[in-house]
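Residues per chain are reported as follows:
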Amino acid sequence: LAKTTQPISMDSYEGQEVNITCSHNNIATNDYITWYQQFPSQGPRFIIQGYKTKVTNEVASLFIPADRKSSTLSLPRVSLSDTAVYYCLVGDLMGNTDKLIFGTGTRLQVFP
Amino acid sequence: EAGVTQFPSHSVIEKGQTVTLRCDPISGHDNLYWYRRVMGKEIKFLLHFVKESKQDESGMPNNRFLAERTGGTYSTLKVQPAELEDSGVYFCASSQDRSYEQYFGPGTRLTVT
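First to last, the sequence lines map onto chains A and B.
If you read the first sequence in our numbering, its first letter stands for residue 1, the second for the next number, and so on.
If you read the second sequence in our numbering, its first letter stands for residue 113, the second for the next number, and so on.
Be careful, since some hints might not be right.
[Unchecked claim] As a list, the in silico DSS-like pairs of lysine-lysine whose alpha-carbon atoms are at most 25 Å apart:
1) B:Lys127 to B:Lys190
2) A:Lys99 to B:Lys163
3) A:Lys99 to A:Lys52
4) A:Lys99 to B:Lys127
5) B:Lys190 to B:Lys163
6) B:Lys153 to B:Lys163
7) A:Lys69 to A:Lys3
8) A:Lys69 to A:Lys54
9) B:Lys156 to A:Lys3
10) A:Lys99 to A:Lys3
11) B:Lys190 to A:Lys3
12) A:Lys99 to A:Lys69
13) B:Lys153 to B:Lys190
14) A:Lys69 to A:Lys52
15) B:Lys127 to B:Lys153
16) A:Lys3 to A:Lys54
17) B:Lys190 to A:Lys69
18) A:Lys69 to B:Lys163
19) B:Lys190 to B:Lys166
20) A:Lys69 to B:Lys166
21) B:Lys190 to B:Lys156
22) B:Lys163 to B:Lys127
23) A:Lys3 to B:Lys153
24) A:Lys3 to A:Lys52
[What the hints assert, rightly or not] To be clear about the criterion: a stretch of chain B counts as covered by chain A if any three or more of its residues have a C-beta under 8 Å from a C-beta of chain A, and this derived list gives those stretches:
25) 130-139
26) 155-165
27) 178-188
Derived by calculation from the structure, the hints in this document are not laboratory data.
Everything numeric in this text was worked out from a predicted model, so none of it was measured.
A virtual CB, placed ideally from N, CA and C, is assigned to each residue, including glycine.
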């Protein structure tokens, strides 16, 4: 799986939009971009996945530029409960493995 | 629909003892994965079952670890004998199809003293 780079931590306030950018310069043609969220003392939780352009669901949006060398997870109007670690993962769904490779993630702290 | 469950939630054992962790995946999920986070490091893949067969066990650290999934339902991960460096949180995840959208359990915190 392609290596990813994300900020170690970010701070925000309730009600603000948070954008977490992930760099994946070596992304391959068949690679998808997946984001997970993890709260303390819980297992990671799938948030969103995309290949190109923009993907939106009820939780977040994922923006992927044309060169796909980076992606941005956008959380609209965060609340205290969005305080968590966010992981960006890149991998080939059609490959011979679907194991997830987690990096250090981005620790998001939301303040009141 | 029940999520992935793991038992026990926490286990404290002495070095040299044996511990067995259990994972019950979401019903109908053929794919079951084990991961672990040790000593505050990153979450690492251990192995992947498709039904009762081991699809990928490239992440298993050594032969002290034995994973089984008899009947393709629940899975167990046995550590025998446990060492201090095995302390950490062991996560189980499952998915219906091969996918990066995996459903994780709450984890089992293993402490080896």
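Each hint, compared with the structure:
1. B:Lys127 to B:Lys190: 14 Å, holds
2. A:Lys99 to B:Lys163: 16 Å, holds
3. A:Lys99 to A:Lys52: 21 Å, holds
4. A:Lys99 to B:Lys127: It is violated: about 29 Å lies between the C-alpha atoms, which goes past 25 Å.
5. B:Lys190 to B:Lys163: 18 Å, holds
6. B:Lys153 to B:Lys163: At roughly 29 Å apart (the allowed maximum being 25 Å), B:Lys163 and B:Lys153 break the hint.
7. A:Lys69 to A:Lys3: Cα-Cα ~11 Å, so holds.
8. A:Lys69 to A:Lys54: 14 Å, holds
9. B:Lys156 to A:Lys3: Given pair B:Lys156, A:Lys3 holds - Cα atoms ~14 Å apart, limit 25 Å.
10. A:Lys99 to A:Lys3: 14 Å, holds
11. B:Lys190 to A:Lys3: Distance ~31 Å between B:Lys190 and A:Lys3 Cα, so the pair is violated.
12. A:Lys99 to A:Lys69: 21 Å, holds
13. B:Lys153 to B:Lys190: Distance of about 21 Å is within 25 Å: holds.
14. A:Lys69 to A:Lys52: The given pair, whose Cα atoms are some 10 Å apart, holds under the 25 Å limit.
15. B:Lys127 to B:Lys153: 21 Å, holds
16. A:Lys3 to A:Lys54: 21 Å, holds
17. B:Lys190 to A:Lys69: Violated, at roughly 40 Å.
18. A:Lys69 to B:Lys163: 35 Å, violated
19. B:Lys190 to B:Lys166: 15 Å, holds
20. A:Lys69 to B:Lys166: The given pair, whose Cα atoms are some 33 Å apart, is violated under the 25 Å limit.
21. B:Lys190 to B:Lys156: 17 Å, holds
22. B:Lys163 to B:Lys127: 32 Å, violated
23. A:Lys3 to B:Lys153: Measuring from Cα to Cα gives roughly 16 Å; hence the hint holds.
24. A:Lys3 to A:Lys52: Since the Cα atoms of A:Lys3 and A:Lys52 sit roughly 18 Å apart, the hinted pair holds (cutoff 25 Å).
25. 130-139: Result for this restraint: violated, n = 0.
26. 155-165: Check passed, 4 qualifying residues.
27. 178-188: Violated: only 0 residues of the stretch 178-188 of chain B have a Cβ under 8 Å from chain A.
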